[in-house]
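Single-letter residue listing:
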Amino acid sequence: MLLTTSVGSLPKPDYLVQARSQARKGAIDASALRALEEQATREWIKIQEEIGVDVIVDGEQYRGDMVAYFAEHLAGFKESELVRSYGNRYYRKPIIVSTIRRPKPITVGWWKFAQGLTDRPVKGMLTGPYTIMDWSFNEYYPSRRAATLAIAKVVREEVEDLQRAGAQYIQVDEPAISTRPEEMDLAIEALGLVTKGIKAKTLTHICYGDFKTIGPKLHRLPVDQIDLEFANRNMELLDFFRGKRFPKEIGLGVVDVHSHRIESKEEVIRNIQRALSVFRPEQIYVDPDCGLKTRSPKEAVDKLRVVVEAAREVREGLNGRASSAKRQARLRARALISKR
Amino acid sequence: MITTVVGSYPKVAEQAYGTTLIGTITKWQRKELTDEQLEQVCREITGAVIQEQEAAGLELLTDGQIRWEDLVTPLAKRIEGFEINGLSRWFNNNTYYRRPILHKAPVRRGPILVKEYQAAARSARKPIKAVLPGPYTFAVVSEDRHYKKLRPLVMKLADILNAEARALAAAGAPVVQFDEPAIGFGKTDIKLAVEALGVAASGVKAKTAAYTYFAPLNGALEPLMRAKVDVLGVDVVSDPKTLGALKRVKITKELAVGCLDARNTKLESVGELHAIFKAVKARVPLDRVYVNPNCGLEFLPHAQALAKVKRLVEAVRSFERRA
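Heads up: the sequence lines are chains C and B, in that order.
Residue 98 in the numbering used here is what sits at position 105 of the first sequence, and the numbering runs on without skipping anything.
Residue 222 in the numbering used here is what sits at position 212 of the second sequence, and the numbering runs on without skipping anything.
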């Protein structure tokens, strides 16, 4: 119970940031870049093991944007010129220009590489069909629905390959799912195509949401676990689940990934304990709110560490309480017997 | 028909006026450049954007909102009482704006956009309209820790925007436009929104416009016809039902038809645009019609934004030749 994990991305070390920029300029070749991506992945897996994270991620050291990465490896997409995301941030938004196909597995090689480095389970990490559609331009499919379902088909192929390779956890992120409540049914349908009959544990991460409108449909998302950001809303999202028997596991974001401040252990313990008034301990996976890639490597390590230490302490408390309850029951039973 | 744009224009253009703005802002944020140096670059890009709109053949331009982080920040940061906060999603788009937080009764200490407007207008040969957020949208995208009630906030912002609109009209703006994407988005107090638009536009010595976009207008179209503005902007591409809804209401205003999708790169055909013009013509005399993309062009990469503007002009010209 209260297993710890993280949402997916981890910051890239400086040497990798520099190498990526050099690779874009053609100053280093693909194999040199790949070697550094592997080095960074090795380092992050070792760090997660040392901290004691239960379910590991590869840290996505070889990915840029979570949609663009898949668009780059699928047939049917091209890259746009720069568009602004917010403030002074720009990105290249994929454009769907022809039938979407998956020429070969995308993440399976990296998953095998990462799993080969650790005995702990490594999550397979994918972006969901609705999010890939919503975050791309579409010049080819006649509707948003048609594009989403076409993407679902190739994401499904990737999920099957990850499962075949041995992944016990497969996360299919749908951060865009909360953008248009009127399309929630489409997102659910598409995710269903991706996860149907999959034996591995399936998860989805959702963020930036308007939960008043999508909340009532959350339990219909066809995955075993839903991962949400709780900490950056001061755990207020718990109120939404209070008094309901939520039928799925919950990924509980307990530290804010958008702030530089490292939460104290006591604060994170309080966050977990508040969640325990709503969810059962077996139901909860504890993690940061979202991917940590926007933090510095040191901040990311410190945030992960406080998550693990807090979860461990709460877990020990629960175990202690459980075993002392058992001991008392035993004593009571013995007392009853000896009375006779 | 008058061809125009809604507001924003791409701030960078790899194939045209370049991407210098990105590095300039980064350096300015690190205090390696002065305010004046940033302003100089913004002025150059604004000039390029205006020139490009003119060359494309548009009749009514904007300054492209090159300095704008989003629709509300440029106003909120210069109105006392607001503090600019963290990122929130901009309606149903994968872009973000900074949510203003209101801590006390807002006060406008003086003109906000007038200087920028005058500089842009001086560099243009065609008329430039002034764009402001509408009072209702400004209120609902803000976090109100002062009034804690929608109505007093909306009406107070309507007063402030009215003062700014009057100043912009006095500075020579032929059209002052209020953007109201929040109308029709979720539960809308449309009566309040319409009343506030009337306050914001009152006594403004220019043509006034209210532009809606993104949201389905189900039910809002009829009350909007009662808003005391001259022009009503309607996005007929985000929700295909809107064009049909226009057929069922009495159109008592000049109509600005958002007929190209500024949120998708797919280029509309001349035929598709003509079909929309034809449907509009059946309801409104064409000399009371503006045509434009459905919303600001900044959601598109520059190449596609420009292609859409050119396509709009091409379609209007061939439609009017034929008519």
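Treat the hints as calculated values from the structure; they're not laboratory data.
Since we're looking at a predicted model, the values are computed, not measured.
Take these hints with a grain of salt, some might be off.
Over the 10 Å line for every Cβ pair with chain B, so calculated as not near, a few chain C residues [unchecked claim]: (1) Val10; (2) Gln15; (3) Glu74; (4) Leu75; (5) Arg77; (6) Gly80; (7) Lys86; (8) Pro98; (9) Lys146; (10) Ala169; (11) Arg173; (12) Gly190; (13) Pro209; (14) Val294.
Computed list of lysine to aspartate or glutamate pairs in EDC-like fashion (alpha-carbon distance at most 16 Å, straight line) [what the hints assert, rightly or not]: (15) Lys258/C x Glu306/C; (16) Lys114/B x Glu93/B; (17) Lys105/C x Glu72/C; (18) Lys97/C x Glu65/C; (19) Lys251/B x Glu175/C; (20) Lys197/B x Glu175/C; (21) Lys320/B x Glu264/B; (22) Lys276/B x Asp154/C; (23) Lys291/C x Glu43/C; (24) Lys276/B x Glu132/C; (25) Lys215/B x Asp240/B.
Just so you have them, the derived chain C footprint on chain B, three or more residues with Cβ under 8 Å [claimed, not checked]: (26) 64 to 70; (27) 105 to 118; (28) 125 to 133; (29) 305 to 313.
In this text, a Cβ means the ideal position worked out from N, Cα and C, and glycines have one as well.
Each hint, compared with the structure:
Interface exclusion of Val10/C from chain B stands, the closest Cβ pair being 15 Å apart, more than 10 Å. At the 10 Å boundary, the C-beta of Gln15/C stays outside the reach of chain B, the nearest C-beta of that chain being 18 Å off. Not every CB of chain B lies more than 10 Å from the CB of Glu74/C, the least distance being 4 Å, so the non-interface label is violated. For Leu75/C, the condition that its CB be more than 10 Å from all CB atoms of chain B is violated, with the nearest at approximately 5 Å.
Here Arg77/C does not stay apart from chain B, with its beta-carbon only about 6 Å from theirs, under the 10 Å limit. With 10 Å as the threshold on Cβ separation, the claim that Gly80/C sits away from chain B is violated: the shortest Cβ distance comes to roughly 6 Å. A beta-carbon of chain B comes within 10 Å of the beta-carbon of Lys86/C; the shortest separation is about 7 Å. No beta-carbon of chain B comes within 10 Å of the beta-carbon of Pro98/C; the shortest separation is about 27 Å.
No Cβ of chain B comes within 10 Å of the Cβ of Lys146/C; the nearest lies about 22 Å off, and the non-interface call holds. Separation of Ala169/C from chain B is inadequate, the least Cβ-Cβ distance of about 7 Å not exceeding the 10 Å criterion. Under the 10 Å C-beta cut-off, the non-interface status given to Arg173/C relative to chain B is violated; the minimum distance is some 5 Å. Against chain B, the non-interface label of Gly190/C holds: every CB pair exceeds 10 Å, the least being about 31 Å.
At the 10 Å boundary, the C-beta of Pro209/C stays outside the reach of chain B, the nearest C-beta of that chain being 15 Å off. Every beta carbon of chain B lies more than 10 Å from that of Val294/C, the smallest distance being close to 24 Å; the non-interface claim holds. Taking the CA atoms of Lys258/C and Glu306/C, the gap is near 9 Å; set against the 16 Å cutoff, the hint holds. The hinted pair formed by Lys114/B and Glu93/B meets the criterion: a straight-line CA distance of about 10 Å does not exceed 16 Å.
This hinted pair does not check out: Lys105/C and Glu72/C have alpha carbons roughly 28 Å apart, beyond 16 Å. Restraint check for Lys97/C and Glu65/C: satisfied, since their Cα atoms lie roughly 12 Å apart, inside the 16 Å limit. This hinted pair checks out: Lys251/B and Glu175/C have alpha carbons roughly 15 Å apart, not beyond 16 Å. Annotation: proposed proximity of Lys197/B to Glu175/C holds, straight-line Cα distance about 14 Å (limit 16 Å).
Distance hint between Lys320/B and Glu264/B is unfulfilled; the C-alpha atoms sit about 23 Å from each other, more than 16 Å. A C-alpha spacing of about 33 Å is found between Lys276/B and Asp154/C, which places the hinted pair above 16 Å, so the restraint is violated. Straight-line distance between C-alpha atoms of Lys291/C and Glu43/C comes to about 14 Å, which keeps the hinted pair within the 16 Å bound. This hinted pair checks out: Lys276/B and Glu132/C have alpha carbons roughly 5 Å apart, not beyond 16 Å.
For the given pair, Lys215/B sits about 12 Å from Asp240/B by alpha-carbon distance, which is consistent with the 16 Å threshold. For the stretch 64 to 70 of chain B, the proposed coverage by chain C is not satisfied: 0 residues have a C-beta within less than 8 Å of a C-beta in that chain, short of the threshold of three. Counting residues of the stretch 105 to 118 of chain B whose beta-carbon sits less than 8 Å from any beta-carbon of chain C gives 4, enough to reach three: the coverage restraint holds. With 0 residues having a Cβ less than 8 Å from any Cβ of chain C, the stretch 125 to 133 of chain B misses the three-residue criterion, and the hint is violated.
Counting residues of the stretch 305 to 313 of chain B whose C-beta sits closer than 8 Å to any C-beta of chain C gives 6, which meets the bar of three, so the coverage hint holds.
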